[in-house]
Amino acid sequence: MCLGIPGQVIELLEVHEHLARIDVSGVGRVVNIGLLEDEHLAPGDWVLIHVGFAMSKIDEDEARRALEGLQLLGRELDDELQALATSRIATGEGG
Amino acid sequence: MRFVDEYRDPAAARALIARITEVAGDDHFKFMEVCGGHTHTIYRHGIEHVLPDTVELVHGPGCPVCVIPMGRVDDAIAVAQTDGVIFTSFGDMMRVPGSSGNLLEAKARGADVRFVYSPLDALRIAVETPDRDVVFFAVGFETTAPSTALTLLRARELGVTNFRVFCNHVTIVPPIKAILESPDLRLDGFLGPGHVSTVVGNRPYRFVTEQYGKPLVTTGFEPLDVLQAIDMLLAQIREGRCEIENQYARVVRDEGNPRALAVLAEVFELRPHFEWRGLGFISQSALKLRPEFAAFDVEEQYRIPGVRVADPKACQCGEVLKGVIKPWECKVFGTACTPETPIGTCMVSSEGACAAYYNFGRLHREVAVTLGR
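These protein sequence lines map, in sequence, to chains W and A. Residue numbers are given in the numbering used here: position 12 of the first sequence equals residue 12, and the series is strictly consecutive. Residue numbers are given in the numbering used here: position 119 of the second sequence equals residue 214, and the series is strictly consecutive.
Simulated from the structure, these hints should not be mistaken for lab results. Just so it is clear, CB atoms sit at the ideal spot from N, CA and C, and this is done for glycine as well. Be careful, since some hints might not be right.
Facing chain A, a subset of chain W residues (Cβ under 8 Å, in silico) [as the list claims (entries may be wrong)]: (1) 34; (2) 37; (3) 38; (4) 52; (5) 65; (6) 76; (7) 83; (8) 87; (9) 88; (10) 89.
Generate the whole structure from the sequences, applying the supplied hints.
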C-alpha cells in the first residue's frame, strides 16, 4: 500500500470532486487530485498516485525513474496495478 | 532509459561507494533508514553488501502495517464480525495476525470483509449499500492519512450516514523521537523518509538536529539515492555540520504539501497516546477523528474491545523495528515465521524489514558470504 505509482494526466473530470483521468501504465484510471489543488494540474502533467489520490506532481524524468524502479518489484507492482484496476472511484453519487 | 541508467549507473555507484569507504575510514557509522520503502530498496539491490563494514544501516519503524499492535487487529476483527457491517481494508492489513487469527480468517468464518484499493472505494460501497454500515480500516502515516481525510470530508458533503472509519493513522515524528530516546541504540544519523515528507516537508525533523545533534537527509527510493544520502550524511559529520538536507528535492519540498496538511488538521486531532508494535505506548503519535466527525468514528459508534495484547513471545518484531536486531537474528525468522505464515507484522508487508530480507536480502547475503565478504 505504500507504493507511489506514476501516472500522466489525460483530462480533468468533475471539478468539484477534484477528479482526473490519469494514464497509469497505459490504462486510464480515475484518480482524486484534491491534494494537488494548488498545482493547477493540466493534461500532460505527471503525478505520483497513492491509494487513489495524486500525492505529488513530478516531472517526466522522475516518472520514468519511478516506473522503472517499480517494474523491478515484479509481482508487487502487478498486485498494486491489479488493486488499482478494482478501484471504482467514479464521478457522481454512486454513478 | 537514460533516466534510469543515471540512477542505477554502476560506475556512479562504484564511485560513491569508494568515497563512502574513504570518508568513513576506520570509524564505524550507524544510520537508520526510517521508511519501509528504503528498507525495500536496500535489500532489493543488496546495498548492505556493497557498503564497507564501517557503515551499517539500521531499519526503522516506517512501515505502517508493521507497527499496528495485535490488540488493534483484534478490535478490527470484532467490528468486522458485527452484524450488518461491511468491513473494508487495504490488502496489506488482511493478513496481519491478531491474537486469534487475521481478517482473512474472519472473512472465511463469515464476516463481510472486503479488500479496497482506496478509501474512496469504501465510501462508494457505503453509497451503494445504504442499509449496511461500511467501515474502512484506516492505516498509514501522513502519506495516507490525507486520503482518509478527504474521503471523510466527501462523505460529510454527500450526507452519507453509514460510512465509518476505524482510524489507526500514525505520525512519523514521535517514533523517531522514541528511537532517539532509546538507550539500546546509538545512531549517527538518519535517512529521512521519502513519501511521508512530500506531505509533512522537512521542517518537522528539525528537532533531530537541534535537540539530538544527529544529521538527517531526506532520501529518494533509487539505489543511488540511498548511496548519495549516506555520502551526504558522512560529509556532514566529517565537516562538523549537523543539518536537515534534502536529497529527494525532485519530489519533496521543504514546506511539504500545505493543502494536505490543512486537510489533516481539519479532520484529525492527536491522540494522547497510541500503542506501537514493539515500541510500546508513544504519546501524541497517532491521529483520531475530531469530535465533529464522531458520527463517522468507529471508536465512538461501536463497542470495541480495546484490549492490549502482548506480542507472541517468540516474535522479535519490536527489536527489529527499533533496529536492535537484524531480521535474520530473530529466533523464528524463516522457520516458524515466513511471508506465507507470518507471526510478526514485519513479515507481512512487503515493506517490512523481515519480508524484504526474506524475499531479497537472504540471497544477497548468502552470495556475499560465499564470496568471502
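Comparing the hints with the structure gives:
1. 34: Cβ of residue 34/W sits 5 Å from chain A, so the hint holds.
2. 37: Where the cut-off is 8 Å and the nearest Cβ of chain A is about 5 Å from residue 37/W, the hint holds.
3. 38: holds (6 Å)
4. 52: Holds, about 3 Å.
5. 65: holds (5 Å)
6. 76: Cβ of residue 76/W sits 5 Å from chain A, so the hint holds.
7. 83: With Cβ-Cβ at 4 Å, under 8 Å, it holds.
8. 87: This interface hint holds because 4 Å falls under the 8 Å limit.
9. 88: holds (6 Å)
10. 89: holds (4 Å)
The earlier numbered hints are all upheld by this structure, with none contradicted.
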